[in-house]
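Visitor: Below are the chains, spelled out letter by letter.
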Amino acid sequence: MSVTIALRPPWPRPRLPSVATAVGVLLTGIVVAGAICAPLLTSADPLGLGGDILSAPTRLHPMGTDDLGRDLFARVLYGGRVSLGIGLFSGLLSVVFGVSVGMVAGFAGGVLDEVLMRVTEIFQVMPKLLAAVVVVSLVGSSLTNEVLVIGLLSWPATARVIRGRVQVLRGQEFIAAARMGGASHLRILWRNLLPNVFAYVLVSTSLQIASAIVSESFLSFLGLGDPGHPSWGLLLQQGQLFLQQAWWLTTLPGIALAMTVLGMNLLGDGLSKGRG
Amino acid sequence: MTRVIVRLLLRRLIGAVPLVFAVVALTFFVIRLAPGDPAVILAGEAPTPEFLAQVRAENGLDKPVWQQFLTFLGHAATGDFGRSIYAGRPVFDVILERVPATALLAGTAMLLASVAGVLLGVASAKRAGTTGDAAISALSLLGTSVPSFWIGQLLILLFAVWLGWLPVSGMVAPRARYVGFAHIWDVAIHMILPVTTLAVYLVTLIARFTRTAMIEAMSQDFILVTRAKGVSARAILWHHAFRNAVVTTITVIGLEFGAVLAGAVVVEIVFGWPGLGRLFYDAIYRRDFPLLTGSFMFSALVVIAMNTLSEIACAMLDPRLRDG
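Just so you know, the protein sequences line up as chains A and B, in that order. Start counting the first sequence at 1; every next residue gets the next number (my numbering). Start counting the second sequence at 1001; every next residue gets the next number (my numbering).
These are calculated hints, taken from the structure and not from any lab test. Please read these numbers as outputs of a predicted model, since none were measured by experiment. We put the CB at the ideal spot given by N, CA and C, even for glycine. Treat the hints with care, since some could be wrong.
Covered stretches of chain A (chain B as the covering partner; in silico rule of three or more C-beta atoms under 8 Å from a C-beta of chain B) [as the list claims (entries may be wrong)]:
id: 1; region: 69-81
id: 2; region: 247-253
Capping the alpha-carbon separation at 20 Å, the derived lysine to aspartate or glutamate pairs in EDC-like fashion look like this [to be verified]:
id: 3; chain 1: A; residue 1: K273; chain 2: B; residue 2: D1133
id: 4; chain 1: A; residue 1: K273; chain 2: B; residue 2: E1050
id: 5; chain 1: B; residue 1: K1063; chain 2: B; residue 2: E1050
id: 6; chain 1: B; residue 1: K1126; chain 2: B; residue 2: D1037
id: 7; chain 1: B; residue 1: K1063; chain 2: B; residue 2: D1093
id: 8; chain 1: B; residue 1: K1126; chain 2: B; residue 2: E1216
Which bits of chain A does chain B cover? Going by a derived footprint, with three or more residues having C-beta under 8 Å, they are [what the hints assert, rightly or not]:
id: 9; region: 186-199
id: 10; region: 260-271
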C-alpha cells in the first residue's frame, strides 16, 4: 500500500494558529475546564435549596442565587456538563451520520447519490428546531432523546461538504491505484478517502458541537429539557421568569453559553483556514 | 422570456412536491412513533369514550397503517390539520389567526436584516483584510453564535428594565386601546426590541455570506475589465460585483427562513408577542398535539414556499441558473 501513501495529496502545511483560533481555544478551554473541575471550584450543590433566595452575586454566592436559593455558580458549572455533554454527543452523532452519507453519496455517484442527496435536501429544508420540538414533545424529553433528535436532524450540512470533497478526490490517481491494487469499496472509503477528508471532518465536528449546544438551549428554553439535569438553556428559561428582578439569572448563564459557542466556532473557522 | 419564466416556475413548483410530501409523511410517522395510543394523542388527556371513538373514526385509526396515512395525507392536502384540543376549533383556523402578528414581526426583521446584512457584507468585502473588515467579521461570528432569545433578554434588561426607554413585552400597551395613528405608533414602539432580536442572527449571517460572494465576484476578470474601462468604483461594486453576489444572498435568506421561524418562536416567548410562536409554545405546554403537529406542518410548508420563491428569484436574476 506504499503506492497509496506516495500518491496521497500533500497534507496542509502546519501553520501557527491565528489570534482568532487561540481565542477560540482559550474560551472553549475555560468553559470545559470549569465544567470538569466543577466540584473543585464550588462546594455548593446545584440542586440544593437554600434560604437566600434571589440574592444578587455576593462573596458567598459569586453568581447569586435563584428563586429557590440554589447557588447559580454551581448551577452554571454543572449545567456546563449537561450542555457540553449533549453538544458533544449530538455533534458527534450528526458528524458520523453526515460523513457516512456524504462519503457514500460522493463515492458511489449515480442513482444512490441522487437518492441520498434528495433525502439530504428534505432534511435541510425542514425547519430543524421546530421538528426537534415536535419530536421531543411527542416522544418525551430526556437527555438521550435530546441527543438523538438533535444529532439526527443536523447532519445535512456535513454530508454536503464531505460529498463535494469525495467527488473531487474520487477521480484522482491514488484512488485508481488503490482500485487496481484490488482494494474493496469499503477499504477505499476507510483507508484512502476518510484520511483525506479528515480535516473537513474536524471542522464539521467543531461547528456541529457549537450548533448542537445552541439547539439544546432552544429545546430547554421551550421547557423540553430534563429538569433533573439543568442545562444552560434551562437556566435561561428560569431566568426569563425573573428577568425584571434578577438580572444575574439570565446574564451569567448566557455568557457561559456564548463563550462556548463562540469558542467552538472560532476553533472551527481556524481549523478550516489552516486546511490551506 | 415569459415562456422561460413560466417553465421555470412550473419546474420549481413540481420540484417542491416531494418536499411537501416528505414533511407530511414525517409528521405522520412522528405521531405514530410516539408512545401510546395515537387516538389519545389526537384527542387530548382524559377524553370521553364517545369522543375517542369519534377521533378514531375521523382519522381511520381502526384501519391499516397505510390507509391511515392516506387519510392523513388527504386531510392535510385539503387544509384539514385536525382539531385543536384546547381551542376546540380546527387547527388551521387557530393558526391563521396568529399569522399576521408573526408575519409583521418576521417580515420587518427580514427586510431590515437583508438591507443591513448586504450593506455590512459589501462594506466588509470592499476593505477585505483591514481592521474594519476583521471587526465586522468578528461581530458577525458573535451574532451567529449566541442564541437569539438571550440577545432578547439582554435587550430587555438594557432598554426596558434599566433605561426604561421601551416596553418590556406585548404588542400593544395594555388597557390603552389606542386607535388610528396612535395605535400604529404603539405597535411600532413594541416592535423595536423583538424585531432587533430576530434580525441580529440574520444580519450577521447575510453579512458573512455576502462578504464571501463579493470577494469572489470582485476577483473575476470582468471586474478587471470594467476597472480598465474607467468605470467608477461605486458602479463596479454595486452594478457589476453585487449583481453576481446577490444570488448567494437570496439563497441564504431562503434557506434560513426555517431558522427565522424557529427564532420567532423564542423571540415571541421572550417578548410576549401574540403570534404563531407563542401558539407553538402554548401547544407544547397544553400537550395540544394536533395544534403542535399542525403548526409544524404549516411552518414547514411556508419554509418550502420561501425556498422555492428564492430559487425562482435567483433564476430570474441570473440566466446561468435557468438550466435547460
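Visitor: Next, verify each hint and record whether it holds.
Guide: Here is how each hint holds up against the structure:
| no. | hint | in the structure |
| --- | --- | --- |
| 1 | 69-81 | violated (count 0) |
| 2 | 247-253 | holds (count 3) |
| 3 | A/K273 <-> B/D1133 | holds, 17 Å |
| 4 | A/K273 <-> B/E1050 | violated, 64 Å |
| 5 | B/K1063 <-> B/E1050 | holds, 18 Å |
| 6 | B/K1126 <-> B/D1037 | violated, 60 Å |
| 7 | B/K1063 <-> B/D1093 | violated, 28 Å |
| 8 | B/K1126 <-> B/E1216 | holds, 11 Å |
| 9 | 186-199 | violated (count 0) |
| 10 | 260-271 | holds (count 5) |
Of the numbered hints given earlier, the model fails hints 1, 4, 6, 7, 9; all others are met.
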